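There are 4 protein chains.
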Amino acid sequence: MQPAADRRYVLTLSCPDRTGIVARISGFLADAGAWIVEAAYHAEPEENWFFTRQVVRADSVPFDADELRARFAEVAAEFGPETSWQVTDTAVLKRAVLLVTKEPHCLHDLLGRVAAGELPVQLEAVIGNHEGLADIVRAHGVEFHHVPFPGPDAPDRAAAKAAAFDEVRKLVDVHDPDAIVLARFMQILPPELCTAWAGRAINIHHSFLPSFAGARPYHQAHARGVKLIGASCHYVTADLDAGPIIEQDVIRVDHGDTVADMVRRGRDIERLVLSRGLRWHLEDRVLVQGNKTVVFH
Amino acid sequence: MQPAADRRYVLTLSCPDRTGIVARISGFLADAGAWIVEAAYHAEPEENWFFTRQVVRADSVPFDADELRARFAEVAAEFGPETSWQVTDTAVLKRAVLLVTKEPHCLHDLLGRVAAGELPVQLEAVIGNHEGLADIVRAHGVEFHHVPFPGPDAPDRAAAKAAAFDEVRKLVDVHDPDAIVLARFMQILPPELCTAWAGRAINIHHSFLPSFAGARPYHQAHARGVKLIGASCHYVTADLDAGPIIEQDVIRVDHGDTVADMVRRGRDIERLVLSRGLRWHLEDRVLVQGNKTVVFH
Amino acid sequence: MQPAADRRYVLTLSCPDRTGIVARISGFLADAGAWIVEAAYHAEPEENWFFTRQVVRADSVPFDADELRARFAEVAAEFGPETSWQVTDTAVLKRAVLLVTKEPHCLHDLLGRVAAGELPVQLEAVIGNHEGLADIVRAHGVEFHHVPFPGPDAPDRAAAKAAAFDEVRKLVDVHDPDAIVLARFMQILPPELCTAWAGRAINIHHSFLPSFAGARPYHQAHARGVKLIGASCHYVTADLDAGPIIEQDVIRVDHGDTVADMVRRGRDIERLVLSRGLRWHLEDRVLVQGNKTVVFH
Amino acid sequence: MQPAADRRYVLTLSCPDRTGIVARISGFLADAGAWIVEAAYHAEPEENWFFTRQVVRADSVPFDADELRARFAEVAAEFGPETSWQVTDTAVLKRAVLLVTKEPHCLHDLLGRVAAGELPVQLEAVIGNHEGLADIVRAHGVEFHHVPFPGPDAPDRAAAKAAAFDEVRKLVDVHDPDAIVLARFMQILPPELCTAWAGRAINIHHSFLPSFAGARPYHQAHARGVKLIGASCHYVTADLDAGPIIEQDVIRVDHGDTVADMVRRGRDIERLVLSRGLRWHLEDRVLVQGNKTVVFH
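Residue numbers (my numbering), protein chains in the order written: chain A, 85 to 381; chain B, 85 to 381; chain C, 85 to 381; chain D, 85 to 381.
If you are wondering where the hints come from, they were derived from the structure by calculation, not from laboratory data. Bear in mind that the values here come from a model prediction, so they are computed numbers and not experimental data. Don't take every hint at face value.
Each pair may be met inside one copy or between any two copies, as identical chains are not told apart.
[To be verified] Taking lysine to any residue and the SDA-like style, the derived pairs with C-alpha atoms no more than 20 angstroms apart in a straight line are:
no., residue 1, residue 2
1, K376, G235
2, K376, R336
3, K245, P328
4, K186, A344
5, K376, G340
6, K186, A223
7, K245, L255
8, K245, Q206
9, K245, M270
10, K186, H303
11, K376, A161
12, K254, A88
13, K178, H259
14, K178, G111
15, K376, D325
16, K376, R300
17, K186, V231
18, K178, D262
So here's chain A without its partners, still in its complex pose (with noise of 0.2 angstroms):
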């Protein structure tokens, strides 16, 4: 249970630029009494556009989150129909679920940082094509799902395959989650998946992007003798790996090592390049301006 001291209220705003912005915003908070605790903001010179996030005490305000955001309707209204806004309470836990494979190091990862309250989620399932990681989800005390996908070889296969992502579709869509981690899952989605978990479906790529997109990128990385390898967390598109990035991170590889040294060394950032891109997406850090990110951390 979080205490009531360390509840927040996080307001997050993007709209066109203009003077004046930040003072409506800020008076429009001391008028209400709020305590700001974190505040940031972004103007963007090339697309007139401007980002804030503000954290708000929860006790500092003399009312509830929903009169918050019924108050603040009106402020946002005077910055035009292009405003984008949202007010989010953290005493109310964001809520997951996680697509995975066989590869099990994100996985493992992610559940160890759950259970270790490293990250604000509440983990409503994992869904995978395979069996094998099942039981370690279940220790931990979440719902596993398997849907098995055809093989490259599968007699009529597209169909099956757009039938296993109906039955992903209704697994995930069923807890209308905030956030599907793509742990290594290695399916492309398909563009409708894409279109209705826009801003919310996150994948971990085991590239530094745009370098190495598609597939088997440590193949490509060693090929090309890079000094670097790295990983990219980012939203899903319909475009393959090219959707906006949140978080890269890369380390140090040498001529010594192998494509096989490369896919165990990677798994140390993926891990981390993951676990950060999706904690700033529940700590509604991330903002999307069209196929770029604003983080706030």
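Chain A is already provided as a structure; the job is to place chains B, C and D on it using the hints.
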């Protein structure tokens, strides 16, 4: 010359925290028509102290910097007598003086950066206790002053050293510099200079402080067998290598690195850390709180 | 099961340096038909000491590991009585025992890595002075033993603690482990255990040693205002947090990070540093020289 | 002047791999009485190729470098006709020529490092297609040659450019340099120069290759919204920005960084990456294999 559109007024302020400060400041700026291009806040819960840095386009304000200061003084007065604030104008270049001895790498790096337009500073003078670096300083069009310091076996060493520091002080103070940079100066400033130059004297120490303060830090690091070596840029105080840290960084070493290798490789990190710390100081990004810094970058 | 083609013999040796050691060893290996896949050397000029690690394909040698040891013993004898060496066989898994308390993150990470096949080790048992982590350990199919330790106000605390350590020692020694990992165990080993487990007991300390040894390193780091926090993996000696360092790393923090943030963020670096140090230890990459390590990676 | 005790002979060799090469080479060196101070090996399993770099104290060998070469030639001949090897003498300084345009930061950095004795090189000349950097080069006591290149709208541009490159080639080749450094030269070398200078022409590209090859990489990086920017030091080949990579590194950027910020901040990483790559080249640490490098550091 800075194009008019790039001219900025930079407001920094720190004061006891309370509700409504952001609203008051942003309201003031909005009333003045100021177009905010950067805004950062920090609330320190333990000390209950508030810090902010705001950058506005000069051409958005219908009066000059002095008038902005005069008007803002009334706002600042509302935040209590402990409030500290300033408004600087990027059209007025900061002034710096460098103190050096024989070690050339930080000096070369800073001269190169100034020549390349990377640091917003007017380099007023370089003062060295050896003459070896005079030529390259003058080739960059900068004054060089040689102030010899007594060697370890000099007769009446304390008095000679005090006299040398008196001369250094005169040569520095004539420029009323915003930054006095000890670019591997290797002489310990007397307490009265630490006081006179408080918040302006910046040192680069070749270790990751607080490890290996004092003499021969690379020897200490080698003897301990650490796997990373570092450098720390900090404000000079009377307490040796213990002033507020502005910036630190490290690089990896291994068992194959001798002390000489560490000295050579450490230079890369000394250059970077000093130039970053100095840049942030010159851009009014560093606010001191007790023995710590808030760095808005 | 390790494929036969991946089986390796790993030879490590250290001895006083002199001309011809490399030739003698490589001549021996060539005569045996051994196919070298990795070879690393280090000569320490100050101590005049020589270190090497050689990895050969097991299937290139026409006899077994014991015979290789018997034959190499004659070579090693030529390098003098101070010579230290061993030949290990990657087909014989190393054994490890973990010591834990309540902090779960390093345990979760190591369990996940073992389950994912990332660490070449047989995890024999986990011993905890609290029971909270028992279930997840057992879910991974690993023994868990609960050995309660006396609290700070327990009567006859010294005796109770000694008794607890006696029990820990028995539970550990029955496995004759190659590694005893203090995965945030938070109890100071008594000197006799440091001696008994010398070169096998591995600790993770949550600071960039030698800074902030001892208790509450993140509090110390926060108070000093450092800009990076770190973790250090080291062999345990009777001198607290002062044993030979195997691996260290750091991450950036800033003025906005509270102690609680540092604790949370530091976990990422503790996990990485411990797992890297442990891996290198298990792969016979770490040779100890006095209070320092040679790490061939 | 290098002290006699610091003089080294550096042997590098690559050849098809087979058992016994290490034994043969180390046996040869032992017979010669050579005291090995560094030894590194790499066996590339895919290509079945062997690489080594051995450093011996010159004063431990009872004959000179030419005699060492003559004797070693017989050993190398045993490894087959594809064997490539050399023996260099650190008492003979390598020679370098730099090519520059207007961007000063890499030039300043290299001049500073040479002046500080950080790079083992004789800087023979700097050739620029603009005159702006002439003064600082000459202040460092180095020849500067101005070779104007035709602008984008110059009549008969191709011929003028070819003539300019002819002049550059003459000015370079007179020094028979070991390194031709394109220190942000920004002109694409014609194929015949790539061939003539193969393995000696070193470029710094301001991106983490293979991402953002070609023109305006920081603009490309900004448009894609990456969270790290990088630089790559590579040998120049006829295939633009696709030659063997010697070194790469990255730094973190965020949504607040404009293209201009990236350009400025990227300079830090360009300087470091170029100076590291050049140092390794000068120290004979870089062996090229196809389009990749083995770097023994």
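If you check each hint against the structure, which ones fail?
Hints 1, 3, 8, 11, 12, 14 not satisfied by this model.
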